[in-house]
Amino acid sequence: MSAGVSRGPTDSVPAYYPGCSLDGLGKAYEVTAQQVLRRLGLSLDRIVDYNCCGATEVKNLSQDVSVALPARNLALARSMGRHQVVAACNGCVYSLARANDAVREPATRGRINATLEEGGAPTYDGEASVQHVLEFIHTRAGPERVRAAVRRPLTGLTVAPYYGCLYTRPKRYTGAGRTPGADDPEHPHFLDELLEACGAKVLTDFSAKTICCGGGHALSDLDVAVAFSASILNEARRAGADLVATICPLGQINIENHLDRIRAAYGEEVLRPVVYFTQLMSLAFGASVAEARLRDNFSRPDLFLRSRGFA
Amino acid sequence: MPIVEKSLVTVDRSDRLEMEGIDVSGDWNTFLRSRVQTDLDVRILDWVRSQPQGDTISRCWQCGTCTAGCCLHTDYGLNEFNPRYFIYLAQVGYEEELRKYATTIWRCVSCNKCVERCPKGVKVEEVIHTIGSYLEFTGGAPESPADRFDRAYTENLLRRGVLDEASLFRTYERLEGRTMPAGEMLKMGFQLLRSGRLRTGPLAHRTRGWRQFGNVLREKLKEDERRRRASLSAAGGRGGHSP
Numbered sequence: 001m002s003a004g005v006s007r008g009p010t011d012s013v014p015a016y017y018p019g020c021s022l023d024g025l026g027k028a029y030e031v032t033a034q035q036v037l038r039r040l041g042l043s044l045d046r047i048v049d050y051n052c053c054g055a056t057e058v059k060n061l062s063q064d065v066s067v068a069l070p071a072r073n074l075a076l077a078r079s080m081g082r083h084q085v086v087a088a089c090n091g092c093v094y095s096l097a098r099a100n101d102a103v104r105e106p107a108t109r110g111r112i113n114a115t116l117e118e119g120g121a122p123t124y125d126g127e128a129s130v131q132h133v134l135e136f137i138h139t140r141a142g143p144e145r146v147r148a149a150v151r152r153p154l155t156g157l158t159v160a161p162y163y164g165c166l167y168t169r170p171k172r173y174t175g176a177g178r179t180p181g182a183d184d185p186e187h188p189h190f191l192d193e194l195l196e197a198c199g200a201k202v203l204t205d206f207s208a209k210t211i212c213c214g215g216g217h218a219l220s221d222l223d224v225a226v227a228f229s230a231s232i233l234n235e236a237r238r239a240g241a242d243l244v245a246t247i248c249p250l251g252q253i254n255i256e257n258h259l260d261r262i263r264a265a266y267g268e269e270v271l272r273p274v275v276y277f278t279q280l281m282s283l284a285f286g287a288s289v290a291e292a293r294l295r296d297n298f299s300r301p302d303l304f305l306r307s308r309g310f311a
Numbered sequence: 001m002p003i004v005e006k007s008l009v010t011v012d013r014s015d016r017l018e019m020e021g022i023d024v025s026g027d028w029n030t031f032l033r034s035r036v037q038t039d040l041d042v043r044i045l046d047w048v049r050s051q052p053q054g055d056t057i058s059r060c061w062q063c064g065t066c067t068a069g070c071c072l073h074t075d076y077g078l079n080e081f082n083p084r085y086f087i088y089l090a091q092v093g094y095e096e097e098l099r100k101y102a103t104t105i106w107r108c109v110s111c112n113k114c115v116e117r118c119p120k121g122v123k124v125e126e127v128i129h130t131i132g133s134y135l136e137f138t139g140g141a142p143e144s145p146a147d148r149f150d151r152a153y154t155e156n157l158l159r160r161g162v163l164d165e166a167s168l169f170r171t172y173e174r175l176e177g178r179t180m181p182a183g184e185m186l187k188m189g190f191q192l193l194r195s196g197r198l199r200t201g202p203l204a205h206r207t208r209g210w211r212q213f214g215n216v217l218r219e220k221l222k223e224d225e226r227r228r229r230a231s232l233s234a235a236g237g238r239g240g241h242s243p
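Residue numbers (the numbering used here), protein chains in the order written: chain F, 1 to 311; chain X, 1 to 243.
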């Protein structure tokens, strides 16, 4: 068993792996994450010709393909001279970190590099560490700098912080809890601290923080996907949240995609607007509701926030 | 507290628990007749262990931590989804019993809480999926919705390097014989298009240099599937009754 994941050298400007979601359905996440990073004086260098990481699906069919897909992205980051890759999607963080774990074994690395070479991609030396964008913001800027950047505090908003499953899990891959700059796997708190710094009331004991949204089977097992998404909203309602903040595009899309079914099963009063955490941060940093792309979300946080006096 | 199956504890004891004609229900005033199980096949364990996704299975010492936290078992309440038991059955090679869970085992949503918590470093989630593959390959389980989704997903991403979400949605829904009402589809499509989030067809993302890499991976995928199936038939295929 590996003893923690070493964070190699840190880059002043790490590579940024967008992944399919941030370039597609999660556009609002991408745009607002960039706004937030800019305001905090942080920057990331985009991996241009990236490819899909394979998420949790490909590994069920082929180990080598499921490692080669993320390895190609990590290799591109290394050929940009970077030792650090930041991704905004929990699934991407998981599979990139999983590839790192796999190529630590010399035989696997040899095989994967042969595949990369054959496919015309740069080879991978295993030296790029992976971080979630939330961890990146928390370690590089931290609550203090976030507080200083706030122009319009989110006073009066009660937020349920939803981290989802693969943000830190499993620690074997992500190094969570025993690597500098990584959040706690059982009781993550980075999001709580950043949103608190934005002036929101954060439900730090939100019991659905790290439950699964069922997004892995969003289409293939509707009963489970709807039940899990609903339990996040139900729990948010019980705890008195106005909004649910997410850090994962799959979680966001999975919950929002099932709103009609959740409404039918549990009633209108369970529904809560669901937003990317960067949308809230951007709002707190002075962006308008439109600039924070809050109209993108199917759960219509724009209507709710306008009713609370946010323009 | 010993590890017991809830289903055995709550079973209606008016029904005798019989195995091969021997009463093994073990009620308070009955003696448990010893019974030698002959239909165990160690080749299940050998195969699962030979797969890179399943190679940690032999570290499992049956503590049940995975199952205690499992969101399907505990939160969703699907009691028959019991990863500890699945691993046990694969370890001892009790294929007949394992096949009873053929339509349950695929429902793991890959939340990885079990992998996170396992004190022995078993990659439980990957092991469970490998056991699922074993069942599928040996005809012990039908192709599941999740298997179909994994394949549709992989084929989709291998085409251009990046997922075309709209096309994956259409393809998969067709595979399951479902159709989204045209009105709903249009409404959603418009909403996505307006905000620049619909990257399908001519708007789809393109990864430079993908064609060559995609072709290599497609070959690898086929080769891997061939190798996995071949290693099963080399091991004697579906176990059955080895001495």
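Careful, some of the hints might be misleading.
Stated by the list, open to error - Restraint ranges, calculated between C-beta atoms of paired labels, are given here: (1) X:S231 to F:E186: 31 to 41 Å; (2) X:K187 to F:G309: 21 to 31 Å; (3) X:M188 to F:R306: 39 to 49 Å; (4) F:D125 to X:L203: 31 to 41 Å; (5) F:D125 to X:V24: 32 to 42 Å.
Because the hints were derived from the structure by calculation, they are not lab data.
No residue lacks a Cβ here, since even glycine has one placed at the ideal position from N, Cα and C.
Checklist entry - Given a hinted range of 31 to 41 Å, is it respected by the beta-carbon distance of D125 of chain F and L203 of chain X? => result 35 Å, holds
Checklist entry - Are D125 of chain F and V24 of chain X spaced within 32 to 42 Å by their CB atoms? => result 57 Å, violated
Item to check | G309 of chain F and K187 of chain X - C-beta distance against the hinted 21 to 31 Å | outcome: 30 Å, holds
Item to check | Satisfaction of the hinted span 31 to 41 Å by the C-beta atoms belonging to S231 of chain X and E186 of chain F | outcome: 37 Å, holds
Next on the checklist: The hint says 39 to 49 Å between M188 of chain X and R306 of chain F; measuring C-beta to C-beta, is that right?
Outcome noted: For M188 of chain X and R306 of chain F the Cβ distance comes to about 23 Å; the hint is violated.
Taken one by one, the earlier hints fail for this structure at numbers 3 and 5, listed in ascending order.
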